[in-house]
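Starting from the structure of chain H, add chain G where the hints point.
For the protein sequence lines, the chains are H and G, in the order given. Counting with our numbering, you get residues 1 to 366 for the letters of the first sequence. Counting with our numbering, you get residues 1001 to 1372 for the letters of the second sequence.
FRET-style restraints, in silico, Cβ to Cβ:
id, chain 1, residue 1, chain 2, residue 2, range
1, H, T299, G, W1079, 19 to 27 Å
2, H, P330, G, D1040, 52 to 60 Å
3, H, S97, G, T1341, 27 to 35 Å
4, H, D59, G, T1341, 36 to 44 Å
5, H, S199, G, E1278, 45 to 53 Å
6, G, E1278, H, T354, 33 to 41 Å
7, H, N71, G, P1225, 32 to 40 Å
DSS-like, lysine-lysine: derived pairs with alpha carbons at most 25 Å apart:
id, chain 1, residue 1, chain 2, residue 2
8, H, K129, H, K101
9, H, K250, H, K127
10, G, K1271, G, K1290
11, G, K1236, G, K1275
12, H, K93, H, K106
13, H, K129, G, K1157
14, G, K1157, H, K101
15, H, K95, H, K54
16, H, K58, G, K1294
17, H, K105, G, K1157
18, G, K1295, H, K106
19, H, K54, H, K70
20, H, K93, H, K82
21, H, K101, G, K1294
22, H, K95, G, K1157
23, G, K1157, H, K195
24, H, K344, G, K1034
25, H, K344, G, K1325
26, G, K1325, G, K1146
These are calculated hints, taken from the structure and not from any lab test. We put the CB at the ideal spot given by N, CA and C, even for glycine.
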Amino acid sequence: MIELSFKPYLRDGIDVYINDKDKTVIFVFLSTRERIQLNVDDYLVLLLPEMDGKNTIKDLISLSSKESQKNIISFITYLVGKGVLTDSDWFDKLKFSNEYKERLKKQIYFLMDVTSSAEEAYRVQNKIKNTSIALWGVGAVGSWVLIELLQMGFERINIFDFDKVSESDVSRHGFFSKEYIDIPKVEAYQNIGNKINPSASITSIEIPLNTETNLDSYLNDTELVINSADEPYIGYTSISLSRYCIKNNKLLFVTGGFDAHLASLGEMIVPFKTPCSDCYNSYFKESLKDWKPVKHVITNRDKGIGGLISLNIFSASTAMLSILQYFISPSVFLSRSSGRGEFKFDDYSIDSFTVKKDPNCEVCRE
Amino acid sequence: MNNNSLRLRPSVSVIPTSDAKIWEFFQSNTRRMKHIRLADAQLAQIIFSLNNDSISDLIIKFPHLEKTINTLIPVLVEWCMIEYVSVANHIEASRYYRFLNFLADYIPSNKVLGIFNNIEQSTVLIVGVGGVGSWIATSLAQSGVKNFIICDPDVVKPHNLNRSLFKSDDVGKLKTQVIHRNIELLGDNYNIIEVNHLIESSKHITEILNRNPNIDLVINSSDYPDVDTTSKIIFKPCMERNIPHIIAGGYNLHLSLIGATIIPNETACFKCIEKGLEEQQEEDFSSIRKLQRKKRNIGNLSPLAGISASFTINEALRVLSKSEKLKPIMVNRRGEFNFLTSEVAFSDFEKRSDCAWCGIEQRHNKKIQRTV
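Next comes chain H alone, as it looks inside the complex (with noise of 0.2 Å):
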């Protein structure tokens, strides 16, 4: 039952649109575009503008005639529950440090767009707040991926490359400076990352991924794993981590932009849930079996592949924002189809399609 002290605030997030002639009010989520539809009395149309947070229910209730009272309750209990109306100082009352609310006011402001309720948004940037993740590649892709995680308010990161920031390099890496042209990647992001956001602890270690990496001395304490280190290939990054995060039960993301998938969305790997790394290697062993290329004249081609910045950015983007779906709701997250989104630049579409999880999968087989 809810108090009559209680302050029902219409949230900020909302646009609500009243059609007198039929008695409908349209509440429209301005970040999900989705709408709840009521037939509601004149009575309850005219107590909209009041619930901003400065009047309690009582407050509302005698605004109105005595005999509305329990509609009043009831109507205003539904709309909490829709999270259409909430606690005026919702704000104000989540356990974050003041100078942690203040950067990430807008976006706390989001999630409770998204969600709907106070507490899911605290619960979800908590979550960002606290995870721990190890980023592997700071490269074309990856260094985007970083500057969006700080940017989230993501504190505790590690990342990790071999490889030193090139001059070509400025065609695609976030904040490239001429002045980190030939220092360890690893070094110039931890530099960039700490000044973005000086309150993260972000680790920098210069390692390459291969046979003898010993994962779980980097990985111990990870709770999410990101994959944009493209050397010596994606396929090969990928399933070293995906059979360690499998085996450890670690969130892993595959973000896409390497060649050949200068856009693609990525993929959330989830233990035992979605397809892992060999599920994916044997899907397309099979789907690109009649697949294979001639044997290009020439041997070194490196120079000639391509790149984009806004492809980088938007791989980057698509992964974080499948990250933050996940946060918000595994359930509904895995509900969807997985696969593989492909955006194609000569139409902006998506090309999609779907991945199941292998049956015989040796690593994620139950």
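Chain G in isolation, oriented as in the chain H frame:
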């Protein structure tokens, strides 16, 4: 080797198909493919091993294939499957080689450097370098654009750090100053003009356009007081001067909007779209009033800013290329990126004959008035 030597592009793969005479040419940068019939097995071998031979070299080696070589090779250049070695060397030596190779999926080898030059030499006016504009400005510079006019009256505040490309120690500095410095740090020669007064009327835009007659593109990424107001201010002077303009999305209330690209007198203009939207709204919300509310705190999110900026950067590079082969996609349309499903949906608009600004009827009326 001479200036006419050719090679199969390194990013192009050739794959046999079930028909032994038909080959799939796959451009891996853009995932586009063409099936090409090479009836002669020897000819196919010549193409697959093409690395440093000119058409005349090939004809000397394979005189019996002269006619086919003369027709096929220029077509494969035009279709961006093979390239001139001299151009490829030029590309490899450039700090922008990744972008140049990407362009070369669309622009034939003999023209790609010229098209990149169009992009480099162009001048872009960006109104608003905050949530979305900061990404757009730096990314265009990272793709070679050299000349910018950036407008923003604001200083960086802590709550901008959750989605704009600023760092903590930028707080308190003018946004234009920070973007100016970040672009300079890229290490090329840039010409950047900062404008720090609030753009309150079309007159302000007209003044900027008068002072800088070479502006090729105007991008509106400013949402103060709201994007409708800023777009109204910006579109008129652009239409009068025939300057392409993009209404970037990503602003408050339309977080995941992918804005329209407007080529004056060719595509739907801001007014055509506004009218189209009004008609759509009439269907939805006739006889409905909106509850007016003041001082709302609306949320936003870094990846949505990134996605929105990404579309605008694509569009800007297409417009600046001034190439028929890279026409903008967001003409006559707006899009929405769905946060919950990561899907894109577009709605189409048309250039309207009854448009108050660019419609035929309107122009006809103007003409009559003039004659009278």
